[in-house]
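Student: Which chain is which? The protein sequence lines are H and X, in order.
Reading the first sequence from the start, the letters are residues 91 to 428 in our numbering.
Reading the second sequence from the start, the letters are residues 392 to 598 in our numbering.
Any given hint could be a false lead.
Simulated DEER-style distance windows between Cβ atoms [stated by the list, open to error]:
id, chain 1, residue 1, chain 2, residue 2, range
1, H, 272, X, 576, 49 to 59 Å
2, H, 406, X, 404, 47 to 57 Å
3, X, 580, H, 205, 44 to 54 Å
Listing some non-contacts, in silico: residues in chain H with all C-beta distances to chain X over 12 Å [what the hints assert, rightly or not]:
id, residue
4, 249
5, 260
6, 367
No wet-lab data here; the hints were simulated from the structure.
Heads up, the beta-carbon is just placed ideally off N, CA and C, and yes, glycines get one too.
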Amino acid sequence: MLINIAKPSDLRESDVTPESVYLSRRRFMGGMAGLGAGLALSGRAGASADYSDVPSGDAPAWLKEKLEASRRRAIVPDDTEQDAIAPFDDASGYNNFYEFGTGKSDPARRAGDLETQPWSVVIDGEVNNGGRFDLEDLARPSRFEERIYRLRCVEAWSMVIPWLGIPLAEVIKRAEPTGKARFVRFETLVDPEQMPGQRSSFALIDWPYVEGLRLDEAMHPLTLLALGMYGRELPNQNGAPLRLVVPWKYGFKSIKSIVRISLVEEQPVNSWQRIAPEEYGFYANVNPQVDHPRWSQATERRLPNSLFNPNTIDTRMFNGYADEVAELYAGMDLREHF
Amino acid sequence: MTAQGKWRLWRGGVFLAALAPLLLWGWQVAQNAAGPEPGRYLLLNSGLGGLWMLLLTLSLTPLTRLTRWKGFTLIRRQLGLWTLAYASLHLLSYALFILGLDWAMLGSELVKRPYIIVGLLALIGLVALGATSNRWAMRKLGKRWKPLHKLAYPILGLILLHFFWGVRADLGEWTLYATASALIMATRLPPVARRLPRFRQRLADIR
Numbered sequence: 091m092l093i094n095i096a097k098p099s100d101l102r103e104s105d106v107t108p109e110s111v112y113l114s115r116r117r118f119m120g121g122m123a124g125l126g127a128g129l130a131l132s133g134r135a136g137a138s139a140d141y142s143d144v145p146s147g148d149a150p151a152w153l154k155e156k157l158e159a160s161r162r163r164a165i166v167p168d169d170t171e172q173d174a175i176a177p178f179d180d181a182s183g184y185n186n187f188y189e190f191g192t193g194k195s196d197p198a199r200r201a202g203d204l205e206t207q208p209w210s211v212v213i214d215g216e217v218n219n220g221g222r223f224d225l226e227d228l229a230r231p232s233r234f235e236e237r238i239y240r241l242r243c244v245e246a247w248s249m250v251i252p253w254l255g256i257p258l259a260e261v262i263k264r265a266e267p268t269g270k271a272r273f274v275r276f277e278t279l280v281d282p283e284q285m286p287g288q289r290s291s292f293a294l295i296d297w298p299y300v301e302g303l304r305l306d307e308a309m310h311p312l313t314l315l316a317l318g319m320y321g322r323e324l325p326n327q328n329g330a331p332l333r334l335v336v337p338w339k340y341g342f343k344s345i346k347s348i349v350r351i352s353l354v355e356e357q358p359v360n361s362w363q364r365i366a367p368e369e370y371g372f373y374a375n376v377n378p379q380v381d382h383p384r385w386s387q388a389t390e391r392r393l394p395n396s397l398f399n400p401n402t403i404d405t406r407m408f409n410g411y412a413d414e415v416a417e418l419y420a421g422m423d424l425r426e427h428f
Numbered sequence: 392m393t394a395q396g397k398w399r400l401w402r403g404g405v406f407l408a409a410l411a412p413l414l415l416w417g418w419q420v421a422q423n424a425a426g427p428e429p430g431r432y433l434l435l436n437s438g439l440g441g442l443w444m445l446l447l448t449l450s451l452t453p454l455t456r457l458t459r460w461k462g463f464t465l466i467r468r469q470l471g472l473w474t475l476a477y478a479s480l481h482l483l484s485y486a487l488f489i490l491g492l493d494w495a496m497l498g499s500e501l502v503k504r505p506y507i508i509v510g511l512l513a514l515i516g517l518v519a520l521g522a523t524s525n526r527w528a529m530r531k532l533g534k535r536w537k538p539l540h541k542l543a544y545p546i547l548g549l550i551l552l553h554f555f556w557g558v559r560a561d562l563g564e565w566t567l568y569a570t571a572s573a574l575i576m577a578t579r580l581p582p583v584a585r586r587l588p589r590f591r592q593r594l595a596d597i598r
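Here chain H stands alone, though its shape is the one from the complex:
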């Protein structure tokens, strides 16, 4: 079933940033890492739908097929100037994935060998149709969509990324939640052999990494289970082979490399809330009025930026998706439920 609702953030193909505009905002050269390597890689992914400059991965045939058959540009941002797509090298070379280390380039350096084929996901808890599903069986029934979302990190930086995936709602519906299901709990893979961050004895996170959503948040049409980005499958460092993308919440809610999805009665305690409950809440909705205790959330640095232009922009309520999601929180005190 395809949920198709017209929202202010739904634009037509003709509204996509012309490549020239996009490129004019961007530096042309640059490398992911290393010194000499930077010069060898010229050319960046443009806004063209084919992402011809993005290195292709080695997705299994079924996934390639699904990715290619995606509905392109199903959701794109309205301000295509400010919300220009980040270059692939930045989106895949600069992110948090603590299972691979705490540095922003650690995931890109260390996630390369993560084994993502085969991959299965356990769906359990308050469902009638649970079990262990091969990734292919989980994803195949749904049509893939490309959605260009703003991703706002709780650390006050943000990027715009074109994801490919399926609405989480479709997967949950197929699992047939019982009447008791009120929340969805997600778990990341635990495999210290493959994930060096899980071997650190100084890590504050109690593995597995856990995230959660209220059932209505999980069923919201904007909530995506991503299997790809930039026209290809997810690079390992971005949460391959299956991750969540919840664009109106801080990035840490969008859990990576998911192995378990449980429908539950009680509100789950997510990993960051467990470490520092006064700093990170369950909801973690992007909210410029509620600061992190150690920094302001009123603004964000839109990346990539340059040395003398931090590209600081105002953070928007619900990361700019208020028209779509504000009603989920009607009557709630968002200062208390941060």
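Model the placement of chain X on the given structure of chain H, informed by the hints.
Tutor: This is chain X only, laid out in the frame that chain H set:
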């Protein structure tokens, strides 16, 4: 080569080695090889560089005790000043590349992020030490110079606190620096300090 020429060469070499990271980072930024947030790259690297310089500076006294080599003493002031230079670049990176010279934001940042105040205190301390590192100030301060320059110890503590406060999820890296700091400080405990020359003697005897 004269002895004097040899020492000059040694100091020149240390100068270039201490300068090299700055040139490297500058080059990386110029080549767009410093990631999507070059300002933050410089901020983090200069801060860590400053901590390295301070730890190296504080290692020189125990190393001299251990080896009696004059070369270590000869670069102490230089490394101390490099600590100040890296710390200043750290603050400059913050003001230019993170704040974007938005001073209104500075006010709210200082309130929200107390670790910035801790870092600032450490930098003020380093400036005081830098300003009194020349011969004139040494003469002028006389006996008070040495206790003043022991401020380097509490400054190290402030820097570690500043670092600790910024950690989000893994204390591994911080623990390494804290351990190195503790070891370096331990060599100053009288019982340990007394034994360092004796330890050298024993090594010499074995040889």
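Student: All hints, please: hold or fail.
Tutor: Verification of the hints:
no.	hint	verdict
1	H:272 - X:576: 49 to 59 Å	holds (54 Å)
2	H:406 - X:404: 47 to 57 Å	holds (53 Å)
3	X:580 - H:205: 44 to 54 Å	holds (50 Å)
4	249	violated (8 Å)
5	260	holds (32 Å)
6	367	holds (14 Å)
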